[in-house]
Amino acid sequence: MIPSFFSGPAPVTFLIGGAGAGKTELSLNLATWEASRFKQVSLVDLDIVNPFFRVRKLKDQIEKLGVHIIFPDLRVASGDIPGLPGAAWGAMENLETAVVCDIGGGEPGLRPLGRMKDHADQRQANVFFVINPYRPGFSTVAELEKSYSLLSELSAMKATCLVANPNISGETSPEIFREGMAVIREFSQHKKVKIAFSIADAGLAEIFKSAPVKAPEFFDGSEGLMLAIRRYWDVPWQFGDNANH
Amino acid sequence: MAKVLMKGNEAIGEAAVLAGCRYYFGYPITPQSELPAYLSKRLPQVDGVFVQAESEVAAINMVYGAGSAGARVMTSSSSPGISLKQEGISYIAGAEVPCLIVNVVRGGPGLGNIAPAQSDYWQATRGGGHGDYRTLVLAPNSVQEMADMTIEGFELADRFRNPVLLLSDGVLGQMMEPVNLPEPRDYDVNSKKWALGYPGKDKAERNLCSSIFLDVEELEEHNWHLYQKYQVMTDLFSEGQYKDFAVEEHLCDDAEIILVGYGIISRILKTVVEKCRKRGIKAGLLRPKVLWPFPTKAIQRLADKAANFLCVEMSCGQMVEDVKLAVNGKKPVYFFGRTGGTIPSDFEILNEVDKIVRPD
Chain G
383 MIPSFFSGPA PVTFLIGGAG AGKTELSLNL ATWEASRFKQ VSLVDLDIVN PFFRVRKLKD
443 QIEKLGVHII FPDLRVASGD IPGLPGAAWG AMENLETAVV CDIGGGEPGL RPLGRMKDHA
503 DQRQANVFFV INPYRPGFST VAELEKSYSL LSELSAMKAT CLVANPNISG ETSPEIFREG
563 MAVIREFSQH KKVKIAFSIA DAGLAEIFKS APVKAPEFFD GSEGLMLAIR RYWDVPWQFG
623 DNANH
Chain E
100 MAKVLMKGNE AIGEAAVLAG CRYYFGYPIT PQSELPAYLS KRLPQVDGVF VQAESEVAAI
160 NMVYGAGSAG ARVMTSSSSP GISLKQEGIS YIAGAEVPCL IVNVVRGGPG LGNIAPAQSD
220 YWQATRGGGH GDYRTLVLAP NSVQEMADMT IEGFELADRF RNPVLLLSDG VLGQMMEPVN
280 LPEPRDYDVN SKKWALGYPG KDKAERNLCS SIFLDVEELE EHNWHLYQKY QVMTDLFSEG
340 QYKDFAVEEH LCDDAEIILV GYGIISRILK TVVEKCRKRG IKAGLLRPKV LWPFPTKAIQ
400 RLADKAANFL CVEMSCGQMV EDVKLAVNGK KPVYFFGRTG GTIPSDFEIL NEVDKIVRPD
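Residue numbers (my numbering), protein chains in the order written: chain G, 383 to 627; chain E, 100 to 459.
A few of these clues could be false.
What the hints assert, rightly or not - Computed, partial: chain E to chain G, Cβ under 8 Å:
#: 1; residue: 104
#: 2; residue: 276
#: 3; residue: 277
In case anyone wonders, no lab produced these hints; they're calculated from the structure.
Glycine residues also receive a C-beta, built at the ideal position from the N, C-alpha and C atoms.
Could you build the full structure based on these sequences and the hints that come with them?
Laid out in structure tokens, this is it:
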């Protein structure tokens with residue numbers, strides 16, 4: 383299924399939110415999902431905050447799946463210099479290219495958005511605010527209210543929807559997921575911002591779908607519209623033969 | 100309290116607050132900057148003080164001051180920044196002031212890069228500063244332990260009146276794992292009788308914290324006093340109260356080859372041990388959780404039983420020297436390392452084990 387947010391020939395999506403909300407994992411899954419549906423897909427790494435777990439690190443793996451990765455110049459790609467890739471604007475100007483932009487977490491991460499705003503408005507971009515209520519500062523409706531207001535104030539782009547990502551990594555049970563969803567739903571009603579969809583690891587998603595999933599895949603299950611994802615960031619002791627880390 | 104999903108750097112910050120730490124002085128550097136960022140928000144909420152100092156040298160001396168006044172205090176940095184702090188650490192050790200110092204190690208030498216490494220082992224365990232002194236060095240291997248060892252670090256620092264160094268690396272600092280935050284500890288800033296401004300019965304005590312001993316006999320006496328304290332610490336960590344805290348052994352009893360590694364490497368080695376066992380190789384893991392005092396005796400005991408040792412590090416080989424000293428020539432000690440920010444895979448370590456155990 384193709385959710386309404388991704389209608390048209392080349393949707394543009396920005397992912398914002400607190401640090402560690404799951405934006406990068408979502409961006410990788412969303413872009414690879416789009417790759418089999420749209421003509422051209424670019425995934426733009428606008429993360430000026432994170433030093434390690436960035437889209438650019440998985441370039442070869444993701445490009446094999448038909449996604450063009452845009453990130454700062456190779457000479458500074460492995461550093462912590464907050465550079466923005468010029469090619470990002472090229473992708474935004476090409477109306478045939480679907481674009482997913484991964485933004486760094488927290489207040490500093492939002493800074494590149496001002497530079498992209500005009501292009502985002504022209505392309506009527508989705509701006510998804512990703513929430514994991516198991517992260518510090520996002521765990522209650524009151525905390526969410528505070529963090530959301532602060533980040534929205536600093537962000538040049540207004541969130542169009544929420545994306546719910548309640549998880550504690552590999553230890554997420556259906557109960558933990560549901561308890562987290564309850565907090566996000568309450569916040570969504572309180573703030574009157576719709577939840578676009580939720581995210582769950584493939585294994586967990588199968589429980590909510592009551593059927594096998596092939597991540598990345600959207601489906602309507604017991605918890606509403608959900609994107610089943612595969613996890614690209616494995617812990618180092620499970621990297622195994624994937625020795626490029 | 101339910102588990103939360105935290106970065107290692109954040110977990111240290113929250114655990115410090117729970118330990119009663121109300122003072123942080125530091126300077127940003129990748130890959131530890133989430134820690135000062137976290138505490139810059141968190142400490143004001145608990146009437147604490149966060150100062151981004153003008154330099155690492157300034158920050159460590161502010162730690163010296165706050166620690167002398169009896170406060171639980173910490174600083175953090177990554178490798179080049181820890182090098183800058185060494186003068187202050189030597190002063191703090193000399194004056195016997197408790198504090199917590201966190202090193203989220205990155206690749207060196209020099210500016211190196213921002214990727215994870217374990218190449219500061221020598222600096223941490225030998226003391227990068229001048230003079231006869233030791234720092235207690237703790238080596239967590241998970242986000243949970245980043246939190247737990249932060250709390251324990253403050254307790255140990257107070258008990259021994261000694262700086263405690265938490266030696267982690269970029270991966271541990273940056274990765275996210277579920278954490279059970281420890282229970283908060285009660286800490287009374289006026290509880291240390293030796294501290295400046297300790298409120299005596301009628302008036303404040305006239306205490307002095309200093310590392311200067313101009314008189315030759317006095318300095319010699321002070322140095323032997325420090326030495327005896329380090330001996331007590333060594334005994335407590337090798338045979339006494341902290342014996343089990345200091346080392347983790349996994350499937351060592353019948354092992355023909357002992358894999359030795361600390362921090363993030365020990366998690367990979369655990370996978371290697373499982374894979375070895377499935378292939379019929381009797382491998383075990385010895386993981387020092389405390390790097391100074393080094394678990395020499397635990398290794399000595401195993402040297403009588405196992406046939407080989409393989410030490411794995413994210414360096415060109417530093418801890419391996421301590422392993423060799425402990426094994427003392429009884430059995431061969433091999434080394435495998437990756438550096439520059441590369442994390443060795445279980446696959447390549449398994450190859451090394453094969454070369455040792457099945458040379459044909």
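Hints, verified against the model:
{"no.": "1", "hint": "104", "in the structure": "holds, 5 Å"}
{"no.": "2", "hint": "276", "in the structure": "holds, 6 Å"}
{"no.": "3", "hint": "277", "in the structure": "holds, 4 Å"}
In terms of the numbered hints stated before, the structure departs from none.
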